[in-house]
Amino acid sequence: MELLDEIWNSLGHNKLRTALTGFAVSWGLLMIIALLGAGNGLMNALTSNMGVSLTNIMTVHPGRRSLPYDGMKAQSQVRMDVGDVDFTSNNFRDVIDDVTARIIYGSSISYGKESLNATINGVAPLEFSINNRILIAGRFLNELDMKEKRRTMVLFDKTASSLLGDDPYYEKILGKYVNIANQAFLIVGIIKADEFSGGTSEVYIPLTTLTAIRQGGTWFSNISFSFHSLETEQDNEEFENHYKTAMNRRHRAAPTDKSTFYIYNSLTNSLQMNKAVKIMNIAMWILGFFTLLSGIVGVSNIMLITVKERIREIGVRKALGASPWQITKLIVSESIVITAIFGFIGMLLGLGAIYLMDITLANNPTDLGFVKMYMFKDPGVDIAVALEAMLLIVAAGTVAGLLPALKAARVRPIEALRND
Amino acid sequence: MSLIQLYGINKTYDNGQPLHVLKGIDLNIGEGEYVSIMGASGSGKSTLLNILGILDNYDSGEYWLDGKLIKNLSETQAAHYRNHMIGFIFQSFNLIPFKTAVENVELPLFYQGVSRKVRHERAMELLSKLGLDSWAEHHPNELSGGQKQRVAIARALITNPRIILADEPTGALDSKTSLEVMELLGSLNKDSGVTIIVVTHESGVANSTDKIIHIKDGIIGSIEENRYHNLSPFGGNTVMK
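Taken in sequence, the protein lines are chains C and Y.
With numbering that gives the first Met the number 0, letter number 169 in the first sequence gets 168, and the count goes up by one each step, no holes.
With numbering that gives the first Met the number 0, letter number 151 in the second sequence gets 150, and the count goes up by one each step, no holes.
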């Protein structure tokens, strides 16, 4: 309390200098908070563009052999069928849980007079659970559909809207028939489109039905499976190589051939994503820290000048009986008070800047035609980060005041007796 | 036993070439004395005052203050002795410009850890004794030279020190005010029995004190008793300056 009075006195005595010093600190804090907020905005955008994939899934796409091997020519297409599904689910039980396959082809679909070009997905029931599809009405495809090769169909809400009219009552659509290449399919379910799939017209029918009605071209477009107990990127890569080698052997390709199968791995992807997020976060802190550092150097510099200017006053205080520690305390507290007050102002300004970002730049997805991408989404810092920054300021103030304070503590009291 | 005992104090400054400032000072000053140390500039009187005030170290000899040897003290110990035993009065007053008169007077008590209320009461009491109560809330730049020095005297007295050290206390004052200040110091010495040591180069100032210690070229020349304040050749009622 007494100390605060002392500080208030001497700060008030040098208003302009105090304000100029404080500006550097405010600016540093503003930069830290704004950078972290912007960083969070970018990260949120990235995460949201990735889609929500809670499960670990690998999707295997067939490619071409790069080398001639076992009578197969180079550049010959690798083809996958139901045997690969069985092979995959039977031979890697320690890692792989559920396996599913899909055939994708394009065809026109029609309802009454409306017709449009759609992507037809022949899938197994697992497809829906593996991808966390959300059911709006009716049901997913099931085992009975598969077994009896039923002509049933699940479609995205958006596709339903464009085919059956805007704002439909989804329950009414169930039980209606949509034609695929003049074959009538019963609508049994509507699923929710998200920003990354279902934007184009896309429908699901049982895989077995598709192979039965489609003459030729019934090779699988890809097979995907959920898996467990692969923790690190290295684990994943090792497993992928192991799997590819086994598949190569089965498909009469050179064991080391890398172009026969391509694997998309959602876990590796999110691991890399997490890493990128971490690196970005660190980069933001470092950037902000260096900005703040210039503020600290500014405060330290000003305090040094202050000490120099007040050398006589400090001498007098010592002659009157102030101990070195009491002088140190005075200068360090001044430094902390300056940084704390202006740091707090800077933090508030930073939060203001984030608010501005939020209402101007953020949450407007950029439409790239086939998908919508967020460039910037929900910027902001949580209260913990703001508090950390505040702590950093107090530490910074102490550091900034330390050198000048030690200098002040070393002032010889005979300075008081110098007659200018 | 004397309050202050100096035995063979030597002090050499070394700025490029060594300068032997004090060449073996032996001196006793008793409790309650009113003494001046007089000498020309360069005589070593300021250095002696610095050593007496524990503001500076000495090279050899012994300085006993109230029975304690003052030698090789840490800064913190020195601060403690200055705070509790010694009051300083400076030529240029050395009041802190952004503090009011009463806050300046309180400052030594602040460093003793005395509570705000108590030290304010004591400072106000002292200021009113010196006729300054109506100026208590004024800043130093609103006070005359004489008023400033009286505030400084109050600041020196606030801790009830054993010794008051005054370094050219009238150096920045006109002759009338100088006389008033010296009379004030004299009456303080008579009334409260505080030991006062005044360093000066003015014989008129020295004439106000009871004992004059002449210092020349770093050694003590003569010590004059001056009970009747009629130091020749200036005479008893000589106006200073």
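Quick caveat, the hints were computed from the structure, so don't treat them as lab data.
It cannot be assumed that every hint is accurate.
Unchecked claim - Lysine-lysine pairs mimicking DSS-like chemistry, simulated, CA-CA at most 27 Å apart:
1. Y:K22 to Y:K67
2. C:K328 to Y:K98
3. Y:K70 to Y:K215
4. C:K175 to C:K157
5. Y:K189 to Y:K175
6. C:K257 to C:K243
7. Y:K189 to C:K328
8. C:K14 to C:K406
9. C:K171 to C:K157
10. Y:K22 to C:K307
11. Y:K22 to Y:K98
12. C:K112 to C:K157
13. C:K277 to C:K307
14. C:K406 to Y:K215
15. Y:K98 to C:K14
16. C:K146 to C:K175
17. C:K406 to Y:K22
18. C:K243 to C:K274
Said to hold, decoys possible - Only part of the chain Y face toward chain C is listed, based on derived beta-carbon distances under 10 Å:
19. I85
20. S91
21. L94
22. N140
Backbone N, C-alpha and C fix where the C-beta goes; we use that ideal spot for every residue, glycine too.
Tell me, which hint numbers fail for this structure? 7, 10, 11, 13, 14, 17, 22
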